[in-house]
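Top line first, the protein sequences correspond to chains A, B, C and D. Under the working numbering, the first residue of the first sequence carries the number 1, and numbering increases by one thereafter. Under the working numbering, the first residue of the second sequence carries the number 1, and numbering increases by one thereafter. Under the working numbering, the first residue of the third sequence carries the number 1, and numbering increases by one thereafter. Under the working numbering, the first residue of the fourth sequence carries the number 1, and numbering increases by one thereafter.
Fair warning: there could be bad hints in the mix.
As the list claims (entries may be wrong) - Where chain A lies over chain B, by a calculated footprint (3+ residues, C-beta under 8 Å):
hint: 1; region: 216-230
hint: 2; region: 244-257
hint: 3; region: 314-326
hint: 4; region: 387-400
hint: 5; region: 416-425
Stated by the list, open to error - Calculated pairs, DMTMM-like style, for lysine to aspartate or glutamate (alpha carbon to alpha carbon, straight line, at most 20 Å):
hint: 6; chain 1: B; residue 1: Lys-53; chain 2: B; residue 2: Asp-23
hint: 7; chain 1: C; residue 1: Lys-231; chain 2: A; residue 2: Asp-232
hint: 8; chain 1: B; residue 1: Lys-231; chain 2: A; residue 2: Glu-400
hint: 9; chain 1: C; residue 1: Lys-231; chain 2: A; residue 2: Asp-219
hint: 10; chain 1: C; residue 1: Lys-231; chain 2: A; residue 2: Asp-225
hint: 11; chain 1: D; residue 1: Lys-235; chain 2: D; residue 2: Asp-219
hint: 12; chain 1: D; residue 1: Lys-136; chain 2: A; residue 2: Glu-34
hint: 13; chain 1: C; residue 1: Lys-136; chain 2: B; residue 2: Glu-34
hint: 14; chain 1: B; residue 1: Lys-258; chain 2: A; residue 2: Glu-400
hint: 15; chain 1: B; residue 1: Lys-231; chain 2: D; residue 2: Asp-225
hint: 16; chain 1: D; residue 1: Lys-438; chain 2: D; residue 2: Glu-370
hint: 17; chain 1: D; residue 1: Lys-136; chain 2: A; residue 2: Glu-112
hint: 18; chain 1: B; residue 1: Lys-235; chain 2: D; residue 2: Asp-225
hint: 19; chain 1: A; residue 1: Lys-231; chain 2: C; residue 2: Asp-219
hint: 20; chain 1: B; residue 1: Lys-136; chain 2: C; residue 2: Glu-34
hint: 21; chain 1: B; residue 1: Lys-438; chain 2: B; residue 2: Glu-400
hint: 22; chain 1: D; residue 1: Lys-258; chain 2: D; residue 2: Asp-242
hint: 23; chain 1: B; residue 1: Lys-231; chain 2: B; residue 2: Asp-219
hint: 24; chain 1: A; residue 1: Lys-231; chain 2: C; residue 2: Asp-232
hint: 25; chain 1: D; residue 1: Lys-51; chain 2: D; residue 2: Glu-69
hint: 26; chain 1: A; residue 1: Lys-235; chain 2: A; residue 2: Glu-251
hint: 27; chain 1: B; residue 1: Lys-136; chain 2: C; residue 2: Glu-112
hint: 28; chain 1: D; residue 1: Lys-235; chain 2: D; residue 2: Asp-214
By construction, these hints were calculated from the structure, which means they are not laboratory data. It should be emphasised that the depicted structure is a prediction, and the values quoted were computed from it without experimental measurement. We put the beta carbon where it would ideally sit given N, CA and C, even for glycine.
Number of protein chains: 4
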Amino acid sequence: MNKIMTLFAGIVFATAALAQSTDQLSGEWLLRREMFGQPWGFHRITFTVDKGKVTGTFASGRKLEGTLEGNVLHFTSREGQGTIECTATINGGAISGKFIETNLDNARNVQESVITGARLPPPRSGPAQRHEFIPKTFYREFSPLTPPVLHIWPGDTIHTTTVDAGGTDERGVRRSFGGNPETGPFFIESTWPGDTLVIHFSRIRLNRDYAISDDGIVDRALDSDMAVKMKDVGKTVRWHLDLERMIGTTELPGDHLKNFSVPLRPMLGCVAVAPRLGSASPSTTDSGRWGGNMDFNEIVEGVTVYLPVQTPGALLYVGDGHAAQGDGELNGDALETSMEVEFTVQVISNKQSVTSATRFAATIRTPRVESDSEIMTVGLGGSLEDALREATSGMSQWLEQDYGLAPSEIAQLLGTSVRLNINEAADRNAGVTARLSKQRLQTLARKQ
Amino acid sequence: MNKIMTLFAGIVFATAALAQSTDQLSGEWLLRREMFGQPWGFHRITFTVDKGKVTGTFASGRKLEGTLEGNVLHFTSREGQGTIECTATINGGAISGKFIETNLDNARNVQESVITGARLPPPRSGPAQRHEFIPKTFYREFSPLTPPVLHIWPGDTIHTTTVDAGGTDERGVRRSFGGNPETGPFFIESTWPGDTLVIHFSRIRLNRDYAISDDGIVDRALDSDMAVKMKDVGKTVRWHLDLERMIGTTELPGDHLKNFSVPLRPMLGCVAVAPRLGSASPSTTDSGRWGGNMDFNEIVEGVTVYLPVQTPGALLYVGDGHAAQGDGELNGDALETSMEVEFTVQVISNKQSVTSATRFAATIRTPRVESDSEIMTVGLGGSLEDALREATSGMSQWLEQDYGLAPSEIAQLLGTSVRLNINEAADRNAGVTARLSKQRLQTLARKQ
Amino acid sequence: MNKIMTLFAGIVFATAALAQSTDQLSGEWLLRREMFGQPWGFHRITFTVDKGKVTGTFASGRKLEGTLEGNVLHFTSREGQGTIECTATINGGAISGKFIETNLDNARNVQESVITGARLPPPRSGPAQRHEFIPKTFYREFSPLTPPVLHIWPGDTIHTTTVDAGGTDERGVRRSFGGNPETGPFFIESTWPGDTLVIHFSRIRLNRDYAISDDGIVDRALDSDMAVKMKDVGKTVRWHLDLERMIGTTELPGDHLKNFSVPLRPMLGCVAVAPRLGSASPSTTDSGRWGGNMDFNEIVEGVTVYLPVQTPGALLYVGDGHAAQGDGELNGDALETSMEVEFTVQVISNKQSVTSATRFAATIRTPRVESDSEIMTVGLGGSLEDALREATSGMSQWLEQDYGLAPSEIAQLLGTSVRLNINEAADRNAGVTARLSKQRLQTLARKQ
Amino acid sequence: MNKIMTLFAGIVFATAALAQSTDQLSGEWLLRREMFGQPWGFHRITFTVDKGKVTGTFASGRKLEGTLEGNVLHFTSREGQGTIECTATINGGAISGKFIETNLDNARNVQESVITGARLPPPRSGPAQRHEFIPKTFYREFSPLTPPVLHIWPGDTIHTTTVDAGGTDERGVRRSFGGNPETGPFFIESTWPGDTLVIHFSRIRLNRDYAISDDGIVDRALDSDMAVKMKDVGKTVRWHLDLERMIGTTELPGDHLKNFSVPLRPMLGCVAVAPRLGSASPSTTDSGRWGGNMDFNEIVEGVTVYLPVQTPGALLYVGDGHAAQGDGELNGDALETSMEVEFTVQVISNKQSVTSATRFAATIRTPRVESDSEIMTVGLGGSLEDALREATSGMSQWLEQDYGLAPSEIAQLLGTSVRLNINEAADRNAGVTARLSKQRLQTLARKQ
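Chain A on its own, in the form it takes in the complex (with noise of 0.2 Å):
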């Protein structure tokens, strides 16, 4: 509750000076609602007031009819069997009461739910910004509730860091806990579950000299004679990295990897978005259709990376650097280390009314990577089966979204052209990438 509280705190803060109109009320506010004791989610209203008659719609299309009295607002709205009495006190650009709900068909059940909110910002005028952004706390859960660390508007960019798995600095520096602590939340204004978030990176940089990884492999991948043959492996391995020269070096080589070097490829191993509301917050080690910790090791500087929305703000997260990874992470560890991000962020609108965050509302059915040369589709499940599943379904989606092809079209092009990496097997969830050349995707006419 009282991350909640904070969250809307932040949302004033930094839109209640922004808040411009004829009467206190008229326009688009932004309504946390809480109910039993517990998070609800958010309602998006734009209202009218017309000689102290209030009317008004949800974001969902509902409408409302009420009265503001001095600062006092009521409210009444009816959809089907159920009405919702609204009673709530107008403050500056803040709003605070509470709903009574009916439901016709279950006398029993009338529920009170607690309001809070805040004026939405007026569209930003302006160009623009780059954010330099400095993370003082690193959270470990991809939590919706998590106040956001900073608002910003689609076309933004923000340059930052992160800390490296373990939750050490560029300095080295311990700064969190371990457990992929994440730079972020941001909210980007403006966008609303059903909205894909495009972030592009224009920056993946490492920023120290050393990576911390072991010697293990994941269970994952391991059939019993080679769990066997594992079975006294598992130590931190510590590797040099050369910036220069952009290689690294384990700090103490086995006898036959004392001339091995790998080269870097500096990579995110987590960016998210805040999943939906939900009765827990998942783990910044795991995984789902938001992204989270994917492990993917294509997402470099240069990509773009697509989400689908499902909370107000979106609440990007990123984290979990990577010197330089095998596919599916067997060691458990990458080459964690710190890294220097850039990246902008776009919002592509789904132009349809959202409720509520509560309602899962993804137009995107998984995470997808974008590359000079390939579009891809990050498929997260239980098993590699259902990453599979999940990843080709995800690549049929995006082509009958973007390309108009049919199912017999689709059929044919990845049967033909797509390629199956395992991206993650080191995590609760596996992964498999579907990935398709755009050199291939040239010839499809784009749908109109």
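Please arrange chains B, C and D on chain A, whose structure you already have, making use of the hints.
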């Protein structure tokens, strides 16, 4: 049973003329043994005759002693609790007779088995040969009992053709039922279970101007949503192959595939040695540690395939050419077409005595593929997880055997450098390939 | 090929004597067809001769017209683009000749095939019979081409024995190599692909006093820790079977198993019909929708097994007796022993014409097992997830076919009432059984 | 952070009044530690004060030395390369202060952490108590940081109620959002990570006359065909519960379910201890080695559940009552209803010192369930294969720990006697249970 007779007929035919020794027995023989009316496997025995007294050694090291009177051979061989009494007749380069095997610990189990066999040819003295082979029959089992179509020696090259997966040849004539009918099997002289067969493909070329595919998606890649979406597809799709420009186009494209073309990259879906003699032979749609229907789209012209020999002569099969294939062969059918192929075989001896093909003797755990730039292991199993474990375990073995790496070193190399592809999703076995760049491996001192 | 000849020899032998008709052709015939030197499958044709003019119908409904001059039959059959020209000779109850098949759309594909066959016996008029069958050979493939050891009619009962999984019989004599050698196959007259074979086991009894097992755990049930713990086990364990008290005890128990005994509950690990003719026949260690090595410990005396017939005569196989077995057969070997069995077969006709065994014709999707108290479907697949899906899908089909339930009703019944067991973890296919109590089903009106 | 404060407030409240010792520090304390603004875990320390000189021991065995001047405590503790310097203030039974931790091998990593805590209560001298607990809030995370709703001692009994999976109570009043809201957590005094919590359910009874379910089938049990067949189902189904006759009937049955009824067998879908403190707490729809949403239909009245304690006080949660459920909860929802429950807790101490909840301390590997007739382990994992491995491994551990069986003996027992059920197919983790009859186990001498 008849099949085995024919197999030996083949061996005798190929070898009897070459047999030259001071007596009619001294030298090396290959015996086929049959018990309960079922094939049992093979014995390789070296005999020495001195004044009618016979001594000898099975390839396992087991000793025998006996007599040669006229053309009648008697010998006895004791090992542990078991005794073999042999009575046989020598006739030119051929032998036939029986074994009576008794076991002290179970008096009821006196087993009689039938033996037939032939003297092995002496090592070839001349240069390696190039064989022009025109296939007449095509086999649909990877069987250790199919009579070989040609006997060759390590170092030899075969130039031949394969029919498509449906059995149609380069002139469009149906030559076999479908299910990946194979060219072969080729018997490689002086090759034994435990050896590794090395097949270098100098040519994998298209030899006709069309391919057959379909527009379905295999179940392993279908989630519930996509199963519903794809419920009405699955029809045959015919592709035109432009052999000059090396691109493929569908003959009746849908609206969005009108200008769509696929770069052709001819590959073989099947390369196999015969699996060890078991109760049944696998279909040519199946796969295993001995190779088979791997559908790995990196088995193209220029690569070298390594397979673990399971039966005398290895019995090499090739087939199932694809003009192009995405990872996993998601349509079930790739661009199925006939092919012109040329390959040279070599053998890496495991320098161990191996008694019989009924013992599983894999010095290499999985099929291995080597290109100019990569080494690759192909893991095959009932689920993608099982296939991943096989691929990882196979690559781990390669790094241990050829580079002498310790478990900790193997883990570090895989974790930083391995690529993992899904090569096969279409057939009973799923396939995952583990791949390492040869450039990355250069700094590893090879094992002394 | 020889196998097929022998198969037909068997059919002719069984049936020629019974053939009685006004001319030598009129009536029903079973033709075996072979093309490319490979078996193609079967045709069932009804001929009528009227003054030398022959008309006829394939079981598929396809028509034919021709002449019978002396014992020479000519006929032509056109369907769509394809034409079959037949020339054959009638000799007693046997036929042999060839088909020339042309296809208008591909002039190059004129295919010649060899046909042989026999007149089918008329329906048996007498009562059901009980056959005492003493097996002499044991088969290690579930093959549609193995010559049947006995021809019986629906309603008949067979009393016979099976050897253990290693091939040893009730007297302790080795009779075959291992891998579940089978008794059978039994040809059930008037049984066709698409029918359902019903096998009621009136006896599954022990007939010797020992069983062979081991002390390993199969890979499918081993995690990394347990793989390390179990790395040194796997030896053969011999059990004493007390046939009076029906308990089993290990002959050399470890300290903690000194007083340990297992109640004996004899079961058959394998019950199968021959799968449809494919490119290769499965090993008797394998399984599929046609049954096979299911290792389901509810296949005990008193149950009824339903299998989808795939080939003329069904070709029923039984074997792999277990004196007792835990779920999943986690040792790889259960208490393997010989068995005395008695069963009665019935056939549920699918009342549809079926052309050939090469068409997959399963009116029931999975093996079904019925006991006094339960109905059960056996799902088999490469992973437990695949097996679960098969079991659920098979039970869903049963509820739809026999009880007329709609999808929503099926879901409610399964959700509240199904039991799910892992029956098989030891072999290539995993197995899951879905089970419903017959008491629970009593309130469902059977389909009208 | 606030959560932790409240947790400790709870502990202090419960215990301060009981604290009795000769000085204000001597005795056992539980310290909560926080670093980077994030909870770190717990320390359990025993202090001795002798003339102002303080000595002490962490539960791990680590020693400390310091001084107590007035109510100000200073101490130093060195171990290996690390040193902790503590400064804190004692106030009644409470302590607050900080740790400065330095590590010789990384001078930059001086970490300051905040500590708060309370003196632990002395062992309870009186008899076990029965607590009547009326839940007011319901939790939707299995969190180690949720303030306990009640502190009890081993031997105590709690009688309480649970709401249904959607949050509705026995009177039909919505009390929480859905997703298995839980009653609890209950803090069990003197219980530490590494211990085993034993919960015996003396009552699991229905307390209202309806349940909510649906008519879908979960994806894990759907193959492609069945996905198509089931594409239009998924609606809510309301069941009437007849508490006298203990049968359930759908309120609006389809044609074939008109007379269909399900015997009621009330069970709890969720029983859990809090998992160890990680970066995020699992949702109450999730499960793990600590229990949770196992949906195992044998957790009925009369059984005993064993869970591995992960955090001080164990923090026991119960919820998600089902009036009846088939194996695997194939509808996703069982017959979801509220429940009256009564249970008694005991603790099996692992007699080991355990430093902190951040160390995973499971003396038992999986949840265990014991009924009058069986012992059962619940394996949970991302795929059924993973779940099977866990179940087998957990049962193997049980047989080793309690019966002293060697690996070979474990294998023989499992192979002959284990039953394997799929308990959970509906949630993120699949579940498989391994079950052994207690009768079968009687002949095994228990470990001395």
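Taking the hints in turn, this is what the structure says about them:
1. Counting residues of the region 216-230 of chain B whose CB lies closer than 8 Å to any CB of chain A gives 10, so the stated coverage by that chain holds, three being the minimum.
2. Counting residues of the region 244-257 of chain B whose C-beta sits closer than 8 Å to any C-beta of chain A gives 6, which meets the bar of three, so the coverage hint holds.
3. Check result for the region 314-326 of chain B against chain A: holds, 3 residues qualifying (beta carbon to beta carbon below 8 Å, three or more required).
4. For the region 387-400 of chain B, the proposed coverage by chain A is satisfied: 6 residues have a C-beta within less than 8 Å of a C-beta in that chain, meeting the threshold of three.
5. Only residues whose beta carbon comes within less than 8 Å of a beta carbon in chain A count, and the region 416-425 of chain B has 8; three or more means the coverage holds.
6. Distance restraint check for Lys-53 (chain B) and Asp-23 (chain B): the Cα-Cα separation of roughly 12 Å lies within the 20 Å cut-off, and the hinted pair is therefore satisfied.
7. Distance hint between Lys-231 (chain C) and Asp-232 (chain A) is fulfilled; the C-alpha atoms sit about 14 Å from each other, no more than 20 Å.
8. Straight-line distance between C-alpha atoms of Lys-231 (chain B) and Glu-400 (chain A) comes to about 16 Å, which keeps the hinted pair within the 20 Å bound.
9. With a C-alpha separation of about 17 Å, the suggested pairing of Lys-231 (chain C) with Asp-219 (chain A) holds against the 20 Å cut-off.
10. Our distance criterion of 20 Å between C-alpha atoms is met by Lys-231 (chain C) and Asp-225 (chain A), whose separation comes to about 9 Å.
11. With a CA separation close to 15 Å, the supplied pair Lys-235 (chain D) and Asp-219 (chain D) stays within the 20 Å bound.
12. Using a Cα cut-off of 20 Å, the hinted pair Lys-136 (chain D) and Glu-34 (chain A) holds, with the two alpha carbons roughly 16 Å apart.
13. Restraint check for Lys-136 (chain C) and Glu-34 (chain B): satisfied, since their Cα atoms lie roughly 16 Å apart, inside the 20 Å limit.
14. Restraint check for Lys-258 (chain B) and Glu-400 (chain A): satisfied, since their Cα atoms lie roughly 16 Å apart, inside the 20 Å limit.
15. A hinted pair counts as satisfied when its Cα atoms are at most 20 Å apart, and Lys-231 (chain B) with Asp-225 (chain D) qualifies at roughly 9 Å.
16. For the hint linking Lys-438 (chain D) to Glu-370 (chain D), the alpha-carbon distance of about 9 Å falls within 20 Å, and the restraint holds.
17. With a CA separation close to 16 Å, the supplied pair Lys-136 (chain D) and Glu-112 (chain A) stays within the 20 Å bound.
18. For the suggested pair Lys-235 (chain B) and Asp-225 (chain D), the alpha carbons sit about 17 Å apart, so the restraint of at most 20 Å is met.
19. A C-alpha spacing of about 17 Å is found between Lys-231 (chain A) and Asp-219 (chain C), which places the hinted pair at or below 20 Å, so the restraint holds.
20. Simply put, Lys-136 (chain B) and Glu-34 (chain C) have alpha-carbon atoms about 16 Å apart, close enough for the 20 Å limit, and the pair holds.
21. For a cut-off of 20 Å, the pair hint linking Lys-438 (chain B) to Glu-400 (chain B) stands: about 15 Å separates their Cα positions.
22. For the suggested pair Lys-258 (chain D) and Asp-242 (chain D), the alpha carbons sit about 16 Å apart, so the restraint of at most 20 Å is met.
23. Among the hinted pairs, Lys-231 (chain B) with Asp-219 (chain B) is consistent with the structure: their alpha-carbon atoms are about 11 Å apart, no more than 20 Å.
24. Between Lys-231 (chain A) and Asp-232 (chain C) the alpha-carbon distance is near 14 Å, which keeps this suggested pair within the 20 Å criterion.
25. A threshold of 20 Å between alpha carbons decides the hint, and for Lys-51 (chain D) with Glu-69 (chain D) the separation of about 10 Å falls inside it, so the pair holds.
26. Of the supplied pair hints, the one linking Lys-235 (chain A) and Glu-251 (chain A) holds, its CA atoms being roughly 13 Å apart against a limit of 20 Å.
27. A hinted pair counts as satisfied when its Cα atoms are at most 20 Å apart, and Lys-136 (chain B) with Glu-112 (chain C) qualifies at roughly 16 Å.
28. Between Lys-235 (chain D) and Asp-214 (chain D) the alpha-carbon distance is near 5 Å, which keeps this suggested pair within the 20 Å criterion.
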